[in-house]
Amino acid sequence: KAGVTQTPRYLIKTRGQQVTLSCSPISGHRSVSWYQQTPGQGLQFLFEYFSETQRNKGNFPGRFSGRQFSNSRSEMNVSTLELGDSALYLCASSSRTGGSYTFGSGTRLTVV
Amino acid sequence: DQQVKQNSPSLSVQEGRISILNCDYTNSMFDYFLWYKKYPAEGPTFLISISSIKDKNEDGRFTVFLNKSAKHLSLHIVPSQPGDSAVYFCAASEETSGSRLTFGEGTQLTVNP
Numbered sequence: 001k002a003g004v005t006q007t008p009r010y011l012i013k014t015r016g017q018q019v020t021l022s023c024s025p026i027s028g029h030r031s032v033s034w035y036q037q038t039p040g041q042g043l044q045f046l047f048e049y050f051s052e053t054q055r056n057k058g059n060f061p062g063r064f065s066g067r068q069f070s071n072s073r074s075e076m077n078v079s080t081l082e083l084g085d086s087a088l089y090l091c092a093s094s095s096r097t098g099g100s101y102t103f104g105s106g107t108r109l110t111v112v
Numbered sequence: 001d002q003q004v005k006q007n008s009p010s011l012s013v014q015e016g017r018i019s020i021l022n023c024d025y026t027n028s029m030f031d032y033f034l035w036y037k038k039y040p041a042e043g044p045t046f047l048i049s050i051s052s053i054k055d056k057n058e059d060g061r062f063t064v065f066l067n068k069s070a071k072h073l074s075l076h077i078v079p080s081q082p083g084d085s086a087v088y089f090c091a092a093s094e095e096t097s098g099s100r101l102t103f104g105e106g107t108q109l110t111v112n113p
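Residue numbers (this note's numbering), protein chains in the order written: chain V, 1 to 112; chain Z, 1 to 113.
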């Protein structure tokens, strides 16, 4: 079966702009989580959605937001981009909350 | 506050030998632990997990050991193969937080032919 699909793979944005990243989970998976990976901070949890509801949120500013649609696809949005937002953004899906997660290949965001 | 730590940023072993990757945690509420492998430009790939009610879980060449009293877990790979060369992350979660995984910083494993 198809894996977790993230689009786009690469993105370059200018400071102050906003960006929307997309994630299509494995078919049948209802839980989608987002992580940010940076060289200095490692992998950090952003938020999790399950059946269109945000169930968990990490310690990120309000500029980071997300949503999940009825087909379990998820988007995350970052507004007023800062240079420090440059990172690999990873989406992971699971058939249930908790347990092991399957990760996508990520979206590499560069803010200039 | 780094709740999950992998103190060795890198590890180099010979093909065929055992690789042992270590991970320590501080949060006693963690009750589920996972290991992921990551190649460059790819997302992490799930390897093996263990719940806090067990002290060992085995899957083929991979075995995870959990020492709850020491708040320590390790991943053993036997025998190591060159294709195992990757960054290995340990992660932990607590039942009440559901999906929230707390990751270690990762260990770069290099298996030399």
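Mixed in with the good hints, there may be bad ones.
What the hints assert, rightly or not - Each computed EDC-like pair below joins lysine to aspartate or glutamate, with the alpha-carbon atoms no more than 16 Å apart:
hint	chain 1	residue 1	chain 2	residue 2
1	V	57	Z	31
2	V	57	V	75
3	V	57	Z	95
4	Z	54	Z	94
5	Z	5	Z	95
6	Z	56	Z	31
Hints were generated in silico from the structure; no laboratory data involved.
Being a predicted model, the structure only gives us computed values, none of them experimental.
Each hint, compared with the structure:
1. 57/V x 31/Z: Measuring from Cα to Cα gives roughly 19 Å; hence the hint is violated.
2. 57/V x 75/V: 15 Å, holds
3. 57/V x 95/Z: 15 Å, holds
4. 54/Z x 94/Z: 15 Å, holds
5. 5/Z x 95/Z: 20 Å, violated
6. 56/Z x 31/Z: Holds, at about 14 Å.
Of the numbered hints listed earlier, those contradicted by the structure are 1 and 5.
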